[in-house]
Amino acid sequence: FLWRFHQVHHVDLDMDASTAIRFHFGEMTMSTALQIFQILIIGVSPLTFSIWNTWLISEIMFHHSNVELPFRVERWLCKLIVTPRMHGIHHSLVPEELNSNWSSGLTMWDWLHNTLRLNVPQNHLTLGVAAFPDLKELTYPKLMEMPFDQQQRYPPWMRADGTIPRRDELLAAAPENLAPEDEKDLAPTSPAMRRV
Numbered sequence: 561f562l563w564r565f566h567q568v569h570h571v572d573l574d575m576d577a578s579t580a581i582r583f584h585f586g587e588m589t590m591s592t593a594l595q596i597f598q599i600l601i602i603g604v605s606p607l608t609f610s611i612w613n614t615w616l617i618s619e620i621m622f623h624h625s626n627v628e629l630p631f632r633v634e635r636w637l638c639k640l641i642v643t644p645r646m647h648g649i650h651h652s653l654v655p656e657e658l659n660s661n662w663s664s665g666l667t668m669w670d671w672l673h674n675t676l677r678l679n680v681p682q683n684h685l686t687l688g689v690a691a692f693p694d695l696k697e698l699t700y701p702k703l704m705e706m707p708f709d710q711q712q713r714y715p716p717w718m719r720a721d722g723t724i725p726r727r728d729e730l731l732a733a734a735p736e737n738l739a740p741e742d743e744k745d746l747a748p749t750s751p752a753m754r755r756v
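Taken in order, the sequence shown gives residues 561 to 756; the numbers are from our numbering.
I should point out that these hints are in silico values taken from the structure, not numbers from a laboratory.
No residue lacks a Cβ here, since even glycine has one placed at the ideal position from N, Cα and C.
Among the hints, erroneous ones may be present.
Have a look at the derived ranges for each label pair, beta carbon to beta carbon [claimed, not checked]:
#: 1; residue 1: Met590; residue 2: Ser618; range: 14 to 24 Å
#: 2; residue 1: Val633; residue 2: Trp671; range: 16 to 26 Å
#: 3; residue 1: Asp576; residue 2: Ile602; range: 14 to 24 Å
#: 4; residue 1: Ile602; residue 2: Asp694; range: 25 to 35 Å
#: 5; residue 1: Met668; residue 2: Phe597; range: 32 to 42 Å
#: 6; residue 1: Ile601; residue 2: Glu628; range: 38 to 48 Å
#: 7; residue 1: Ile602; residue 2: Trp636; range: 27 to 37 Å
#: 8; residue 1: Pro606; residue 2: Arg726; range: 41 to 51 Å
Think about it this way: if two alpha-carbon atoms lie no more than 16 Å apart in a straight line, the pair counts; the simulated EDC-like pairs of lysine to aspartate or glutamate are [as the list claims (entries may be wrong)]:
#: 9; residue 1: Lys702; residue 2: Glu619
#: 10; residue 1: Lys696; residue 2: Asp574
#: 11; residue 1: Lys696; residue 2: Asp572
#: 12; residue 1: Lys639; residue 2: Glu656
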């Protein structure tokens, strides 16, 4: 049920900072209500909340941006905070990649839950939701109707022909396009990532 709202954020075919604010009003309403509840329960001060919220929104804008950092800088930064390369993997239409790199802000949550994945070649990262590959289906009115569409043709991770996108299939489509940094992406850098 919640994915129907959140997929509005994921159907963006070209991730940039605007993707960070591309949410359905229903998801924003639920998220705001949950935040208010958490603030009331925890009793956080307005100043503390403002500092945290400013940092988090800035970090979310950053990791949804299309800023291309040098590979070594990105690898160093993603040990602490979510980076564009890391979060781009979470926006992949390949289900195994979509179900990784969930963190917003600090990457410690992905390390703790063993959901961190960095070994995906960026040249072959296809963004979006497999069920919605057509830009004509991604107009503002259609995005607002999307969660309420009871006639969704097939599960969102499945293409119209019934296939599910796989990384090996996307790599096989154009292996000559692998860049040197993509070769590094394919090599896991920690035991935790090898299991992912």
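Which numbered hints does this structure break?
3, 4, 5, 9, 12
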